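Chains as they are written, first to last, in my numbering: chain A, 3 to 225; chain B, 3 to 225.
The hints are simulated quantities; they were obtained by calculation from the structure and are not laboratory data.
Among the clues, some could well be false.
Repeated chains share a single entry, so a pair holds when one copy, or any two copies, can fit it.
[Unchecked claim] Simulated pairs of lysine to any residue, SDA-like, Cα-Cα distance not exceeding 20 Å:
#1 Lys220 - Arg89
#2 Lys134 - Asn106
#3 Lys52 - Gly141
#4 Lys52 - Ala140
#5 Lys220 - Gly105
#6 Lys21 - Gly222
Since this is a predicted model, take the numbers as computed values, not measurements.
Number of protein chains: 2
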Amino acid sequence: MGEMSTGSSGGSEGVAVPKAVVARLSLYCRELQHLVQQGRTTINSAQLGKRLGVTDAQVRKDLAYFGQFGYPGIGYRCGELVEQIRRILGTTESWSVVLAGVGNLGHALLRYRGFADQGFRIVAAVDVAPQKVGQEIAGVRIGHLDRLSEVMQAHDIRIAVLAVPAPQAQRVAQQLVDAGIVGILNFAPVTLTLPEDIAVVGVDLSIELEQLVFAVVKKGVRP
Amino acid sequence: MGEMSTGSSGGSEGVAVPKAVVARLSLYCRELQHLVQQGRTTINSAQLGKRLGVTDAQVRKDLAYFGQFGYPGIGYRCGELVEQIRRILGTTESWSVVLAGVGNLGHALLRYRGFADQGFRIVAAVDVAPQKVGQEIAGVRIGHLDRLSEVMQAHDIRIAVLAVPAPQAQRVAQQLVDAGIVGILNFAPVTLTLPEDIAVVGVDLSIELEQLVFAVVKKGVRP
Chain A
3 MGEMSTGSSG GSEGVAVPKA VVARLSLYCR ELQHLVQQGR TTINSAQLGK
53 RLGVTDAQVR KDLAYFGQFG YPGIGYRCGE LVEQIRRILG TTESWSVVLA
103 GVGNLGHALL RYRGFADQGF RIVAAVDVAP QKVGQEIAGV RIGHLDRLSE
153 VMQAHDIRIA VLAVPAPQAQ RVAQQLVDAG IVGILNFAPV TLTLPEDIAV
203 VGVDLSIELE QLVFAVVKKG VRP
Chain B
3 MGEMSTGSSG GSEGVAVPKA VVARLSLYCR ELQHLVQQGR TTINSAQLGK
53 RLGVTDAQVR KDLAYFGQFG YPGIGYRCGE LVEQIRRILG TTESWSVVLA
103 GVGNLGHALL RYRGFADQGF RIVAAVDVAP QKVGQEIAGV RIGHLDRLSE
153 VMQAHDIRIA VLAVPAPQAQ RVAQQLVDAG IVGILNFAPV TLTLPEDIAV
203 VGVDLSIELE QLVFAVVKKG VRP
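Could you build the full structure based on these sequences and the hints that come with them?
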């Protein structure tokens, strides 16, 4: 994750939860959803951890931030734990999202089917290019960035995906915040400067590749 | 980052470097590159940290895993530190990449200009769809997945970007590894099971949105 703050959010009892824990929670949830699809009803912490490369102790410790979820002698009920984690993450409710920036990446994000599977719907998109405004992609009509507020009111949107070029990212992010956005998923390769109460998660595709290269080089491989 | 391993790689003196440190190194590098473009020649740890939302102490502590880089009374020389970090990350050399899966996301990744800026070139792409094989996108001809080894030999490729649908991800990943790939940037929303010596970085776009939603909900916002 690209966020730079030292990484904790409130747990169920006000305890600060490290970002790494929240990240693993999403991975547990994803794996449990696969298990449910495969017809698996229960799993214990060792089995779940093994699928994800973490110890049973780590799984239990992560979940312990939020409550007690296991059944003695059984472990976890997969379907139930999926719902419990989704409640913790806030994703039992569906979220309407606005996409800012309909370039190559924006196009792909509009068509990304994984979002709907998890309760996220891109319901609106904005851009500034005249040839784009008015187009419809994946059932979403592209509006002009300057009419963002109208778009937001029409759809009750709280979060945005930012996929504009780096030089425009800060300015457009500020416009999103001014229009009422409280959370931004930022794909532009810049760090945004926004008020403390705005949540930002950055995904920099080049940085992800850099992290991969570092891991590869450490195993002794060169290009 | 989606990797589940407890997150450290070798530092300059064999000390295990936490993944969070390596992630911040990339962010420092990115910010320093912006500063260089803006004509800034030096910066101290407090100023650099402020731009990224971390303390001066954190910046110095992160860099200390890899050596001493500051100049007394000056701080860091921006251009020099960019190069030093790129050497640490392994990105002073350019890396050839193969893209597996040329769907919506794959298309966008083929056209993503940020990769080239950081020394990554997608030089080959593979898919299985007959209507895609033979097409050329962004100067890259799409080959068939089954001819991967020929592609790899022609281009001296070590790392791959995996952008196939979830049900095919594990199988294609194994094919990539069998053909000699040692590092995979995985966009499929599944955890891959691969030998320990294969590096994997996962980017799950839905999980990134989930992390954002969790942060937003913790600030008291509902959809």
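Quick rundown of the hints versus the structure:
1. Proximity of Lys220 and Arg89 under a CA criterion of 20 Å is satisfied inter-copy only: 12 Å between copies versus 39 Å inside one chain copy.
2. For the homomeric pair Lys134 and Asn106, the shortest alpha-carbon distances inside one copy (12 Å) and between copies (18 Å) are both at most 20 Å.
3. Proximity of Lys52 and Gly141 under a CA criterion of 20 Å is satisfied in neither setting, with 40 Å inside one chain copy and 41 Å between copies.
4. In this assembly of identical chains, Lys52 and Ala140 lie within 20 Å of each other by CA distance neither inside one copy nor across copies; the values are 38 Å within and 40 Å between.
5. Taking the shortest alpha-carbon separations for Lys220 and Gly105, neither the intra-copy value of 35 Å nor the inter-copy value of 31 Å comes in at or below 20 Å.
6. Proximity of Lys21 to Gly222 under the C-alpha cut-off of 20 Å is restricted to the inter-copy arrangement: shortest distance 18 Å between copies versus 30 Å within a copy.
The earlier numbered hints that this structure contradicts are 3, 4 and 5.
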